[in-house]
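Guided by the hints, dock chain B onto chain A, whose structure is given.
For the record, the sequence lines run as chains A and B. Read left to right, the first sequence gives residues 1 to 145 (the numbering used here). Read left to right, the second sequence gives residues 146 to 333 (the numbering used here).
Derived by calculation from the structure, the hints in this document are not laboratory data. It is possible that some hints are incorrect.
Rough simulated footprint, nothing fancy, chain A against chain B, three-plus residues with beta-carbon under 8 Å [stated by the list, open to error]:
1) 162-171
2) 174-188
3) 194-201
4) 268-282
5) 307-317
Virtual Cβ for every residue (Gly too), placed ideally from N, Cα, C.
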Amino acid sequence: MTTEGHDTIDDREWAMQERACADDRRDGVSPGGARMARYRFVAHCLRHAPEPALPDDFARMCAQQIEAEARRARASRASFERSLVAASVLLYGPAMIAAALAFGVDAVSMPALLEPATRAAPWLLALLACVGASYGFGRLRGWTS
Amino acid sequence: MNPERELVEAVLRRAPGAFERLMREYQGLCWHIVQRMVRHPEDARELCQDTFLRVYRHLDQYRYESPLKYWIGRIAYSIALRHLQRQRTATGADGTEADPPVSPEDEADAFDLEAAHADHAAAQRVHACLDALAPLQRTVLMLYHFDELTIPEIAQITGLAQGTIKSHLFRSRLRLREMLESNARSTP
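Chain B extracted, bound-state conformation:
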């Protein structure tokens, strides 16, 4: 029996410590998804608790059709999304944010990667721009780059089409790159 199935059955049997082990295994992904969506640590902690409460109550409905982390991730995403909808926060899924125009490639720009790496301010600008992205775009971007999930895996968690996820990744990364470019031009 695989370790995931053993853990699920231990939780269903109410084996002591089994649910805490499950939480330790999957709390990171849950936290990453929820925290990036709602951006408020207190709310995010409560929503994580709500997620695992739902996992505990409905674990008997898990059918092993996909890895458990996607099942739990999907619950976390749904709970975070519902929280945002209740707060009437735009998630960016309707594409109401206007994209900045794509600038032509500029091979002559003297962008020094090593200097940028050493440039803490540039990194802070990227992170600030990341924070300014719509919750859905930010979450997709971080699941891809920080958690190193694939597009199909992100699709399983969010329920979005793979094409939509690819579109969010493309537009977000384009925006961040153009922000760096415009900052490089405006810096004397």
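So here's chain A without its partners, still in its complex pose:
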């Protein structure tokens, strides 16, 4: 007897079931009387059970549908990103022009814009290093997998 979880399995009965399964697969007939014969019949019925089939064109139709949906989702995301970029340009562009008119061109020049950033340079460098490392490891995993 073997205990599997909460059930007790009769090892002899299990062995008979397995022999019957093997017999059915190779058209053999192991000794074991009527019980063995019944297990062989059960194994035979299971191996030849009628199973409804998928339609022949299931893979083609389903793949087309899934890929079309994915293309629509990507197009929608790209459109959203373009809208965000356009909104940023519309927002910051006039703001830069207004700042230049109010405070002079020097106020919106590159050195002036970078000046607060240079104070935070170590943190910016750390952020860039993390982003770079994540990207690099991702690429490395793609090459090695």
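Chain B in isolation, oriented as in the chain A frame:
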């Protein structure tokens, strides 16, 4: 590079026809698992579609730690199981179905295997009894006998312990054999 990895990378690259090739390769196993669990062809087709939709969306997470068929089979099984749980159908995993008593071996019973093979009605009774099994037991039984998967392979797909799978196989086959026995006794 092995063919499975080539196919996965082709799908991730969005190579034309790659995903359809993947589906053709694995739709059989997916269908077998789902259809045996839910037993309703329309629902099973939808659940198969859901399975491959999930495969398409998450294929970049597949890490080649086990064969792709087990990864896809596991998704199919999870989706079918969730469908059944939503429908509040007992899967038999809690063992609430009572087992019929084990009858003593009867060597004197004149069970004629050749006659039984020719006996279409006996086969139909086995298939009817198979349909009456709990979805989980039926699926495990068919994965083992029809799809000829091993117990470890079934464990990878279902997430069940190998001992539990062995227990389901044992009890189901015992039940089917006893059904044949009781029918033989009641037949004049």
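Hint check results:
no., hint, in the structure
1, 162-171, "holds (count 4)"
2, 174-188, "holds (count 4)"
3, 194-201, "holds (count 4)"
4, 268-282, "holds (count 4)"
5, 307-317, "holds (count 7)"
The structure shown violates none of the earlier numbered hints.
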